[in-house]
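Build out the structure end to end from the sequences listed, making use of the hints.
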Amino acid sequence: MNEIVPLLGIETEYGIIREDQEESDPVEESMLLLGRCEAKSSFRTWAYSRERTHLDMRGFQVSRLAQDEEEDEFCEQDRQRPYSYWEMKSDRVLTNGARFYNDHTHPEYSTPECRTVFDLVAHDLAGEHIVGECVRLRNQDLGGDALQLFKNNTDYSGHSYGTHDNYLIPRQLEFDTWVRHLVPFLVTRQLYAGSGKVGAERKNDDGFTGLQLSQRADFIDSVLSIETMTQRPIINTRDEPHATQNYRRLHLILGDANMSPYATALKVGATRLVLTLIGAGKLDTLFELEDPVADVQRVSRDITGKVALRLKSGKTATPLEIQEWYLEQALRHTGLSGDIEEWNWVTREWDRTLNDHRNHPENLADRIDWAIKQSLFNDFIESEGLDWADPMLQSLDLEYHNLNPERGLYYGLRDEGSVAGLIDPQEVAAAVHRAPQDTRARIRGQAVEQELDRIKNIHWTGIEFDNGEYLDLSGIITKEDVGQALNSNKEQFAWK
Amino acid sequence: MEMNDPIRREEKKESTPDRQDSGPSKPDVNRPGRDGILKRMKKVDPKQSEKYKQRTGQ
Chain A
37 MNEIVPLLGI
47 ETEYGIIRED
57 QEESDPVEES
67 MLLLGRCEAK
77 SSFRTWAYSR
87 ERTHLDMRGF
97 QVSRLAQDEE
107 EDEFCEQDRQ
117 RPYSYWEMKS
127 DRVLTNGARF
137 YNDHTHPEYS
147 TPECRTVFDL
157 VAHDLAGEHI
167 VGECVRLRNQ
177 DLGGDALQLF
187 KNNTDYSGHS
197 YGTHDNYLIP
207 RQLEFDTWVR
217 HLVPFLVTRQ
227 LYAGSGKVGA
237 ERKNDDGFTG
247 LQLSQRADFI
257 DSVLSIETMT
267 QRPIINTRDE
277 PHATQNYRRL
287 HLILGDANMS
297 PYATALKVGA
307 TRLVLTLIGA
317 GKLDTLFELE
327 DPVADVQRVS
337 RDITGKVALR
347 LKSGKTATPL
357 EIQEWYLEQA
367 LRHTGLSGDI
377 EEWNWVTREW
387 DRTLNDHRNH
397 PENLADRIDW
407 AIKQSLFNDF
417 IESEGLDWAD
427 PMLQSLDLEY
437 HNLNPERGLY
447 YGLRDEGSVA
457 GLIDPQEVAA
467 AVHRAPQDTR
477 ARIRGQAVEQ
487 ELDRIKNIHW
497 TGIEFDNGEY
507 LDLSGIITKE
517 DVGQALNSNK
527 EQFAWK
Chain B
3 MEMNDPIRRE
13 EKKESTPDRQ
23 DSGPSKPDVN
33 RPGRDGILKR
43 MKKVDPKQSE
53 KYKQRTGQ
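Chains A and B, in that order, are what the protein sequence lines are. Take the first sequence: its position 196, counting from 1, is numbered 232 in the numbering used here, and each next residue is one higher. Take the second sequence: its position 57, counting from 1, is numbered 59 in the numbering used here, and each next residue is one higher.
Think of the hints as simulated: they come from the structure by calculation, not from any bench. You can take every hint at face value.
Result set (DSS-like, lysine-lysine): computed pairs, CA atoms no more than 27 Å apart in a straight line: (1) A/K76 - A/K492; (2) B/K55 - A/K239; (3) B/K49 - A/K239; (4) A/K348 - A/K318; (5) A/K125 - B/K55; (6) A/K76 - A/K515.
Note that the coordinates shown come from a computational prediction; the quantities given were computed from them, not determined experimentally.
Below, the structure is given as structure tokens:
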């Protein structure tokens, strides 16, 4: 069956710190971390010449991407360092087809392209494993556990780093159509996709204390923008499909890093379903929020899901009502596209989660990150006689995301069986080394596995070998394309 | 769509979070073992988030 959203991927930037130093140097630490990666990989061969980050979906090109003054100063200092751009980036492409590198001083793991949500979650977890193993080896070198990495999105002082979910969608449909139907969904999906954050970091803040749904909501400033480091948007407009011009890559940068694999699956699964409905022309009516950017923060700060959001019509709707409407549309069109097992899982769990949110929110504490935190921290508050404004709560919030298996609070809950598992650990272990077999990542991974010394440069869209031969992956989208590419180019794939 | 009348649906039968109905069951969240995690939480440096400084990413 033809998939409207054939490929999925997640990019995760990790926070990094040396606890034995007064001022940790993230450039040095991130380079040293990547240097400690023992996974077989193509190192410093990423084809930056194939990147097109300045093209906008709205039909224009920007001359530069913006960052704030503080980051401008840091970058100026970085230019004085005795390292080349390539050394600082330390790109690695792994045998599982993933990319692991440094992006703006944060170690970043970009999953290989996946066809199913469950494969994607397995590869997101494989990323945690790969990054965590580098941390372990680096700490072994340091003789302690001074280096700590966090799968989160904020330092609680106004600096955010991203977790981006990506969806390949057909270019044929106008970009504006995707936007109009998607915005109300994205503004409200934090009901289950939010990782939770203690406190607030919004400029000119209103003194909010306590738990909000999302880590990232405070950093969303526009509906549409090509920027990713300032004026972050609900929908990023970078036009870089990493595929043929028949497609767009929807690059969503408003999401949180989920520790719960269930939350990752529901976030990506529900988004894919909504995109499928839009692509198939099944959403003929829609909510039009009067102020979607303000609503991102409004939704995040009301964990009940029942805050009234103003519509352009002058009426109101709650986040729960909006999500229930999208779910209702998905239920009406079951089997519209793709994997029926996945479709059924997503609609069933989406329904159960919204239902619990409305009627029994305490039930979410086994699978939705913000709710897990709420339950866990409430127990701690009760045990220690604290309140939600105590600074300790932000430290607990941070520690929830720690990749250290001995310290991370989510990992502690996972190990004692208090939170929902979704992916068999054996599948995660396999994903550390093995690409999804039904996407072009398989070909990229095999090239790294079997032809490592011959790779001159490598990218999502292709591989150049040292003899000048170029393997174009940009048109390999479907499972059939993968099989056909392997079969019809046997000479080229002699290393298969 | 405007929501004058919130969608009303019957409460659905509870399903498991696992991928297949026959898979492992929903975890027991009666929290008999919260002592372990509370112990872990007590070890957290109260100033950890204050010390945690990052550069802006994407």
